[in-house]
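Given these sequences and hints, build the entire structure.
Residue strings, one per chain:
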Amino acid sequence: MPDERFRRLLEAAPDAILQVDEEGRIILMNRVTEEMFGYTREELMGQPVELLIPEELRKVHVGHRAHYRTQPSTRAMGTGSALQGLRKDGSRFPVEISLSPGSSQEGFHATAIVRDTTERKLADDRFRAAQEQYTKKLGETNRELELRSREIERADRLKSEFLASMSHELRTPLHTIIGFSELLAEELEGPLNEKQKRFIQHIHKDSMHLLDLINDILDLSKVEAGRLELRPEPFHLAAMVTESIASVRGLAESKSIALETYLDVPMAIEADRLRVKQVLVNLLSNAVKFTPEGGRVCVEAAVREPYVAISVVDNGVGIPPEEHASIFDKFYQVGATTKGVREGTGLGLAITKRLVEQHGGSIHVESERNQGSRFTFTIPLLKQEPKAKV
Amino acid sequence: MKRVLVADDKATGRELVRTLLENSGYEVFEASNGLEAVKQARDLSPDLIILDIHMPGLDGFGVIEQLRREEHFAATPIIALTASAMMGDRERAMAAGFTGYITKPIGLNALRAEVTRLIR
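Chains X and V supply the protein sequences, listed in that same order. The letter at position 266 of the first sequence is residue 265 when you use numbering that gives the first Met the number 0, and the numbering goes up by one with no holes. The letter at position 2 of the second sequence is residue 1 when you use numbering that gives the first Met the number 0, and the numbering goes up by one with no holes.
Calculated directly from the structure, the hints in this document are not laboratory data. Wrong hints could be hidden among the right ones.
Beta-carbon label-pair distances, calculated as ranges [unchecked claim]:
#1 X:E228 / V:G24: 33 to 43 Å
#2 V:R91 / X:L146: 45 to 55 Å
#3 X:A267 / V:D42: 53 to 63 Å
Sample of chain V residues at the chain X side, in silico, Cβ under 10 Å [to be verified]:
#4 L57
#5 T75
#6 T102
Every residue, glycine too, gets a C-beta built ideally from N, C-alpha and C.
Right under this line is the structure:
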C-alpha cells in the first residue's frame, strides 16, 4: 500500500492516474479517474483497463500491452494517433497518455497518466476552423483580384487592337493627302505661284506631323500590349551612336549646336539595335530641340556593370524638378519650357521609357531649369558566354 | 512602254499611283479588287504589279497566291502596298512571294525607285 504522502500526491494530480498489473487489471487509481470516466472506484478496481477504451480498439490494446511488457519504457502512448477514452455512459473523449513501467513484489505493473484533451482539442479545432475560413477568404479575394486583373488586361488588349486598326485606317487617307501634295509640289501638273507652293508645303508638313503622331501611338500601343517583339543582336555601341548623331545633325547645325560624343572603351551590347537607336535618336532630338542656338549636346557612354549607361546631356532650357516624374507620362509636355517648340507628339519619352524597360534597363533624368538636362538610360551589357566545350 | 497593274480598292489611291507612274512613262492599268486584279493580270501580262494588301474579298495575299501558282507569273515583280505598319508584316509579305514592300503613306521617290529597281 502506498503511504499517505504518496496518496496525497496521487489525489492532487490534475490528470487521471492508473496502475495496471501484468494482466492489465486496474490495481490503483485516483479520484480524477473516477470523474473522467464516470465510474466509481469500486466499479473499476480489478477490472481490465480495456474497459476504458473504445470497443473496436480493445483487442489491439491487449496486443500492445503484451508488447509493452516485453519492451517496457517510459514514453507517450500512441504518439501521432488520436487516442480516445470511453466513459461509462458510452461517450468518448480525446486523451493523451504517458506510460511508465514498474515492478514490485506483486510483479510487473504499468502506470498510465491520462489527460483529457477535450478543451485543447476544441481550441485547436476552433483555431483550425478560423484558419481555414481565413484561407478560404484569402483564396476568394485572390480569385476576385485575378478576375479583375484579367478584365483589365483584356480591356487593355482591346484598346491596343483598336489603336492598331485605327492607325491603319488613319494612314490610308493620309497616304493620298501626302502623295497628292507631293505630286502638286512637283509641278508636273502645272506651275504653282508662291502662295500655292507655300500652302502645299503647309499641307505636307502638317500631314507628316499627323503621321508622326499616328506612328507614335501605334508604337506605344504595341509596347503596351506587349506585342513589340525585340530582336536582340550583339552589336557595338560606337557605330550606332554615330548613326544616331547623324540623324539630328541637320537640325543641330541649323541652330549652331555642337554635337559631341564621349564613349568609354568599345562596348558590345546585346539588344534590339533599331529600338536602342530609336531611344537614342529620340533623346538626341529632344536635346537639340530644347537647346538654344549655340548650345551643346553630347552623348556619353560608360560601363556600369552589368549595364552600359548611355547619357544624352545638353545645356538647354532644362526641366523643373517638379516635372521630372511626369515627363515619361503619355502626352505630357513640359509646360513652360516648350515655348515655341510645342510640336512633338508628347509620346516620345513614354515610348522611350517602355523600350528601355523592355530591354531590362531603366531611364532617369537629372535637370535644373536653365542648366540643361541629362537623360541616362541603361541597357544590359553583352554577357560573356563561356565557349561551349567540344 | 512597260505596263504596270495597280490594284487598290480606293480610287484615290489608284489615281495617285497612276499619276506618279504615268509621269515616269509607264502604262498603267487599274483594278479595284482582288478578283479583278487576277483577271487583269491574266489579260494584260503586266511587267509589274502593285497590290494593296487590304482589299475586300480577295486580298493582296489571296491575289499573289493565285498568280504565283501560274508559271506565267512566277517571275513577275509584285509590290505590296499597305497602310499596316505592324512588325512582321513585311516578313509575311516576302514569304508570300512579294518582291517589294512599301508602306502607305508612300514617298513618291521611294515608290519610283522601287518600281525602277524591279522593272528593269
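Does L57 of chain V meet its interface restraint, that is, does its C-beta lie within less than 10 Å of any C-beta in chain X?
-> Because about 19 Å separates L57 of chain V from the closest Cβ in chain X, which is outside the 10 Å limit, the hint is violated.
Check the following: the C-beta atoms of A267 of chain X and D42 of chain V are separated by a distance inside 53 to 63 Å.
-> holds, 56 Å
Does the hinted range 33 to 43 Å hold for E228 of chain X and G24 of chain V at CB?
-> holds, 41 Å
Verdict for R91 of chain V, L146 of chain X (Cβ pair) under range 45 to 55 Å | Given a distance of about 35 Å, which is not inside 45 to 55 Å, the answer is violated.
So, T102 of chain V near chain X? Judge it on the closest CB pair being under 10 Å.
-> Holds. Min distance 8 Å.
Hey, does the T75 of chain V contact hint survive, CB to chain X under 10 Å?
-> Result: violated, 24 Å to nearest chain X Cβ.
Of the numbered hints listed earlier, those contradicted by the structure are 2, 4, 5.
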